[in-house]
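Single-letter residue listing:
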Amino acid sequence: MLETLPITKEEICKPENLVYSRTHLMTDAALSYCPGCGHGTIHRMIMEVIDEMNLQADTIGVAPVGCSVLAYEFLNIDMQQAAHGRAPAVATGIKRLMPNKFVFTYQGDGDLAAIGTAETIHACNRGENITIFYVNNGIYGMTGGQMAPTTLPQMKTATSPFGRNVETMGYPLKITELIAMLPGTYFVTRQSVHTAANVRKTKKAIQKAIEYQKLNKGLSFVEIVSNCNSGWKMTPVEANKWMEENMFPFYPLGDIKVPK
Amino acid sequence: MAKVKGEIIVDIERCKGCQVCISACKENVIGMSKNLNRKGYHFAQSTNEDCTGCINCALVCPDGAITVYRARLN
Ligand SMILES: Cc1ncc(C[n+]2csc(CCOP(=O)(O)OP(=O)(O)O)c2C)c(N)n1
Ligand code: SF4
Ligand code: SF4
Ligand code: SF4
Ligand SMILES: [Mg+2]
Numbered sequence: 001m002l003e004t005l006p007i008t009k010e011e012i013c014k015p016e017n018l019v020y021s022r023t024h025l026m027t028d029a030a031l032s033y034c035p036g037c038g039h040g041t042i043h044r045m046i047m048e049v050i051d052e053m054n055l056q057a058d059t060i061g062v063a064p065v066g067c068s069v070l071a072y073e074f075l076n077i078d079m080q081q082a083a084h085g086r087a088p089a090v091a092t093g094i095k096r097l098m099p100n101k102f103v104f105t106y107q108g109d110g111d112l113a114a115i116g117t118a119e120t121i122h123a124c125n126r127g128e129n130i131t132i133f134y135v136n137n138g139i140y141g142m143t144g145g146q147m148a149p150t151t152l153p154q155m156k157t158a159t160s161p162f163g164r165n166v167e168t169m170g171y172p173l174k175i176t177e178l179i180a181m182l183p184g185t186y187f188v189t190r191q192s193v194h195t196a197a198n199v200r201k202t203k204k205a206i207q208k209a210i211e212y213q214k215l216n217k218g219l220s221f222v223e224i225v226s227n228c229n230s231g232w233k234m235t236p237v238e239a240n241k242w243m244e245e246n247m248f249p250f251y252p253l254g255d256i257k258v259p260k
Numbered sequence: 261m262a263k264v265k266g267e268i269i270v271d272i273e274r275c276k277g278c279q280v281c282i283s284a285c286k287e288n289v290i291g292m293s294k295n296l297n298r299k300g301y302h303f304a305q306s307t308n309e310d311c312t313g314c315i316n317c318a319l320v321c322p323d324g325a326i327t328v329y330r331a332r333l334n
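For the record, the sequence lines run as chains A and B. Each residue of the first sequence is one higher than the one before, counting from 1 in the numbering used here. Each residue of the second sequence is one higher than the one before, counting from 261 in the numbering used here.
Quick caveat, the hints were computed from the structure, so don't treat them as lab data. Warning: the hint list may mix true and false statements.
Under the rule of at most 25 Å between Cα atoms (straight-line distance), these lysine-lysine pairs were calculated in the DSS-like manner [said to hold, decoys possible]:
| id | chain 1 | residue 1 | chain 2 | residue 2 |
| --- | --- | --- | --- | --- |
| 1 | A | Lys156 | A | Lys174 |
| 2 | A | Lys260 | A | Lys203 |
| 3 | B | Lys299 | A | Lys233 |
| 4 | A | Lys9 | B | Lys263 |
| 5 | A | Lys174 | A | Lys217 |
| 6 | A | Lys204 | A | Lys156 |
| 7 | A | Lys204 | B | Lys286 |
| 8 | A | Lys14 | B | Lys286 |
| 9 | A | Lys9 | B | Lys286 |
| 10 | B | Lys286 | A | Lys203 |
| 11 | B | Lys263 | A | Lys14 |
| 12 | A | Lys174 | A | Lys257 |
| 13 | A | Lys241 | A | Lys203 |
| 14 | A | Lys203 | A | Lys156 |
| 15 | B | Lys286 | A | Lys201 |
| 16 | A | Lys233 | A | Lys101 |
| 17 | B | Lys286 | A | Lys241 |
DEER-style ranges, computed between Cβ atoms [stated by the list, open to error]:
| id | chain 1 | residue 1 | chain 2 | residue 2 | range |
| --- | --- | --- | --- | --- | --- |
| 18 | B | His302 | A | Thr27 | 43 to 51 Å |
| 19 | B | Lys263 | A | Val258 | 34 to 42 Å |
| 20 | A | Met53 | B | Gly291 | 35 to 43 Å |
Computed from a predicted structure; not experimentally measured. Heads up, the beta-carbon is just placed ideally off N, CA and C, and yes, glycines get one too.
In isolation and in its complexed conformation, chain B is listed as follows:
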């Protein structure tokens, strides 16, 4: 079975820190940064290497702040 590995890129300035992406991620990849963006929100970020690229977090992000990549490992 070919393994897949995903990665998310959060558009920090679009993120409003709502945390609904955290609830959507079964792999517990996402956490909130201690830092603030220019709007004053703590923004979401990837915290480990467990992302599968399932896109669930990006689908539920109201602000469309998440871009997802998925690579096949052979």
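Pulled out of the complex, with its shape left as it was, chain A reads as follows:
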């Protein structure tokens, strides 16, 4: 039997009962992302942490080329947009000139692990005191779903219509594991935002990465395995399930390098 509780919707929805609303560090602009795309959740988690750590005025973000090229429209902080793949080099310059700022890059897998591989590896190897947020959806989302270095074996994309054949197209690149081997990186982790529990874990990882930058510990690298339901040609809910079944076995979630 349903119990009727003596409280109305209006009585619940009072300011003193508010437990969650979008942080004001996200602008009011409608996100340009497809319905269900993880980019929006990842943006919001980074902004929540920056808000909670009171760093809005002290943060400079560097946006990539990719679907998140317009991140500067959505993140209510100082932003610079970099040429494709060059965000870690731009962030290096910003951080060296303004060492007291919290400086991060936000990059997709095409941006970070294809055209920007050199900038990524060398910024990590130099131990630049920046934070990299790496959104790996295994595809070039923005340009129409072409194969990326991170595309899984047998995965169909616009440029691997019969599935990625590793004999002719090479193997998917676990750049995060490569980066973890470099002495310049301090904290390297892989997370996701497709469930509420995972969102909470990602937020904790972002908090740690920011703390370590404050302590001048070197480069922190936070990969977030995310969906590209348009590129994968699935509904958002199907894409999240596919990601669990196919992406996570190859890109296992969890910390890869933690401070001793």
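Based on these hints, arrange chain B with the ligands on the given structure of chain A.
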């Protein structure tokens, strides 16, 4: 034990109808409206009074369209 009762408010015009909030809600509170917003998406809405205010739906909403309230009942 003090009971809690939650409620969600969906920003209809921000919602893109992706339905990931539905998968996140253990209480089966959320359903899709038959109506469309100005972008042409069916939007999410609360369909019953079972919300506990756990915020899971709001955490996974890519568009930050969900606001959550939670009241204690004594
Ligand atoms: C110099 C240069 N080369 C190629 C492109 C075309 N291009 C735009 S975005 C992109 C790949 C983006 O993929 P990714 O970084 O994975 O981001 P996603 O859209 O998947 O989030 C490419 C190849 C470009 N804009 N500039
Ligand atoms: S194309 Fe893919 S990565 Fe880009 S917004 Fe759409 S779902 Fe997200
Ligand atoms: S707050 Fe929790 S119980 Fe309420 S609708 Fe959202 S997920 Fe469901
Ligand atoms: S997760 Fe957000 S955008 Fe998607 S259907 Fe629910 S309220 Fe709408
Ligand atoms: Mg990508």
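**Message:** Against the range 34 to 42 Å, how does the distance between the Cβ atoms of Lys263/B and Val258/A compare: consistent or not?
**Reply:** holds (40 Å)
**Message:** Need the status of pair Lys204/A, Lys286/B: alpha-carbon distance at most 25 Å?
**Reply:** holds (23 Å)
**Prompt:** Holds or violated: Lys156/A with Lys174/A, Cα cutoff 25 Å?
**Reply:** Holds. Lys156/A to Lys174/A sits at ~19 Å (cutoff 25 Å).
**Message:** With the threshold set at 25 Å, check whether the alpha-carbon distance from Lys233/A to Lys101/A stays at or below it.
**Reply:** Violated, at about 40 Å.
**Prompt:** Does Lys286/B pair with Lys203/A here, judged by a C-alpha cut-off of 25 Å?
**Reply:** holds (21 Å)
**Message:** For Lys204/A and Lys156/A, compute the direct alpha-carbon distance and say whether it is at most 25 Å.
**Reply:** Roughly 33 Å between the alpha carbons, so the hint for Lys204/A and Lys156/A is violated.
**Request:** Below or equal to 25 Å on CA atoms is what counts here, so check Lys260/A against Lys203/A.
**Result:** holds (21 Å)
**Asked** Within a Cα-Cα threshold of 25 Å, do Lys174/A and Lys257/A meet the stated pairing?
**Response** holds (14 Å)
**Prompt:** Taken at face value, is the distance from the CA of Lys286/B to the CA of Lys9/A at most 25 Å?
**Reply:** holds (20 Å)
**Asked** Lys286/B and Lys201/A: Cα distance at most 25 Å?
**Response** holds (19 Å)
**Request:** For the range 43 to 51 Å, tell me whether the beta carbons of His302/B and Thr27/A fit it or not.
**Result:** Cβ of His302/B to Cβ of Thr27/A: about 25 Å, so the range 43 to 51 Å is violated.
**Prompt:** Given the hinted pair Lys241/A and Lys203/A, is their alpha-carbon gap at most 25 Å?
**Reply:** Holds, because 21 Å separates the two Cα atoms, which is no more than 25 Å.
Comparing the model with each earlier hint shows violations of hints 6, 14, 16, 18; every other hint is respected.
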